[in-house]
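Colleague: Starting from two chains that each stand alone, build the complex the way the hints lay out.
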Amino acid sequence: MKLKILAFGITKDILGVQKKEVEIATGATVAALKDLLEADFPELKKLRSYFIAVDSEYADDDLILAQEHEIAIIPPVSGG
Amino acid sequence: MVDIKITADELHVTECLNLVADPSCGGVATFIGTVRNHTKGRQVVRLEYECYQSMAIKEIQKIVWQAIDSFGVKNVVVHHRIGTLYPGDAAVVIVVSDGHRDAVFDACRYIIDTIKQTVPIWKKEVFADGEEWVSAHP
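Top to bottom, those sequences are chains A and B. Going left to right, the first sequence walks through residues 1 to 80 as my numbering numbers them. Going left to right, the second sequence walks through residues 1 to 138 as my numbering numbers them.
Treat the hints as calculated values from the structure; they're not laboratory data. Everything numeric in this text was worked out from a predicted model, so none of it was measured. Ideal placement from N, C-alpha and C gives every residue a C-beta, glycine not left out. Be a bit skeptical, because a hint or two may be false.
[Unchecked claim] Derived DEER-like restraints, expressed as beta-carbon distance ranges: (1) E10/B / K4/A: 32 to 40 angstroms; (2) E10/B / S56/A: 24 to 32 angstroms; (3) D9/B / A32/A: 37 to 45 angstroms; (4) E43/A / T39/B: 18 to 26 angstroms; (5) E23/A / G88/B: 42 to 50 angstroms; (6) F105/B / K46/A: 36 to 44 angstroms; (7) K19/A / R36/B: 30 to 38 angstroms; (8) A66/A / K116/B: 27 to 35 angstroms.
[To be verified] Straight-line distance between alpha carbons at most 16 angstroms, and here's what the computed EDC-like set of lysine to aspartate or glutamate pairs gives: (9) K2/A / E70/A; (10) K34/A / E23/A; (11) K12/A / E50/B; (12) K58/B / E70/A.
[Claimed, not checked] Calculated from the model, a selection of chain B residues having no Cβ within reach of chain A, i.e. all distances over 12 angstroms: (13) L17; (14) S24; (15) T30; (16) R46; (17) D129.
If we strip away everything but chain B, and leave its shape as in the complex, we get (with noise of 0.2 angstroms):
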């Protein structure tokens, strides 16, 4: 089982392991990326994601299969919100279940290290005295 979802609307961890539930696995890895208060000691007021819809729909899909084929976990969940977050708000949400556990935290691992990468979705951190898009300079 697959799911892969963009939003703009709050996520729900409960959901997302709702959705990998599966009697025969024994093991679920859950990563969830969250909203920080602070960066490079600036504090953070909120954060603008936005994203090339279609094309990231994509991308994620490439990850989490190569994902399956690599660590052969039988259920991936992908939820990512886009728009405006504050400190604490889940701006991703990874579940992977499995037989064992060695492959679902290696496919989790896998899976948000490469969303990193390759997803086009862009955050832009609003500070109290400033704007910066994450990145975007060396």
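Bound-form chain A, shown alone (with noise of 0.2 angstroms):
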């Protein structure tokens, strides 16, 4: 399945877009997710931490993620 991605503060940055396309297993978990872009860009695992959002909310690492989905990868926040 093709998951669209969206990147925001240093992983836009990191991906060098704020909007990807990204073919993954049918399935796959957010767990999977992060391996996969873990994988295409290493930069990642230099940061202090990040999350992935599913539809505007915060994922845990087990959830399954579908086509539909609105999926964001959630760099250190640092608002205020």
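Modeller: Now the structure itself:
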């Protein structure tokens, strides 16, 4: 399946784009997506931390992803 | 009353104070986060803020309702600015009003501390000689 990924902050710089399509096995989890992203973009592993959000909510590693989800990479936040 | 806004426009503290004005409230606490002109000895030229708007609004709503549940406060305003900001500009204004001072101080503190931990807003510091996403690396 194809997933549409949004990237913000430093992860936008690391991916080089704000929106990216990623091909991954149907039924893949958040953890599998992180593995795939880290393989393509090793700089992600140097961050203090990062999370995946699904439909505007922080997602756990075992959440199963679907094509219709809005998925975002959330690097360490620094608002305020 | 709850009013939450993320905007590229200048923030107005008086507007926020007017929003919480309530004759039943004897205490109003305000926190204003402004842009510092230095970080770790380096001079800051400007900050560039960006956010994941739909999620940021949701996360601020959660924080505000947690504050209302925990501290029982009556009125809360959170306005956060994004885009390009310069030293002295207000980046965030939080105003809380309620009957008494203890609850409004506690709620205001809780809201700013938690915004900094969970709300998907990011700032890049631009120095005279480089730039850096704040908190990105250990």
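Colleague: Taking the hints in turn, state whether each one holds.
Modeller: Hints and how they fare:
no., hint, in the structure
1, E10/B / K4/A: 32 to 40 angstroms, "34 angstroms, holds"
2, E10/B / S56/A: 24 to 32 angstroms, "27 angstroms, holds"
3, D9/B / A32/A: 37 to 45 angstroms, "41 angstroms, holds"
4, E43/A / T39/B: 18 to 26 angstroms, "22 angstroms, holds"
5, E23/A / G88/B: 42 to 50 angstroms, "47 angstroms, holds"
6, F105/B / K46/A: 36 to 44 angstroms, "38 angstroms, holds"
7, K19/A / R36/B: 30 to 38 angstroms, "32 angstroms, holds"
8, A66/A / K116/B: 27 to 35 angstroms, "32 angstroms, holds"
9, K2/A / E70/A, "12 angstroms, holds"
10, K34/A / E23/A, "13 angstroms, holds"
11, K12/A / E50/B, "11 angstroms, holds"
12, K58/B / E70/A, "15 angstroms, holds"
13, L17, "19 angstroms, holds"
14, S24, "29 angstroms, holds"
15, T30, "14 angstroms, holds"
16, R46, "15 angstroms, holds"
17, D129, "18 angstroms, holds"
This entry satisfies every hint, going by the numbered hints stated previously.
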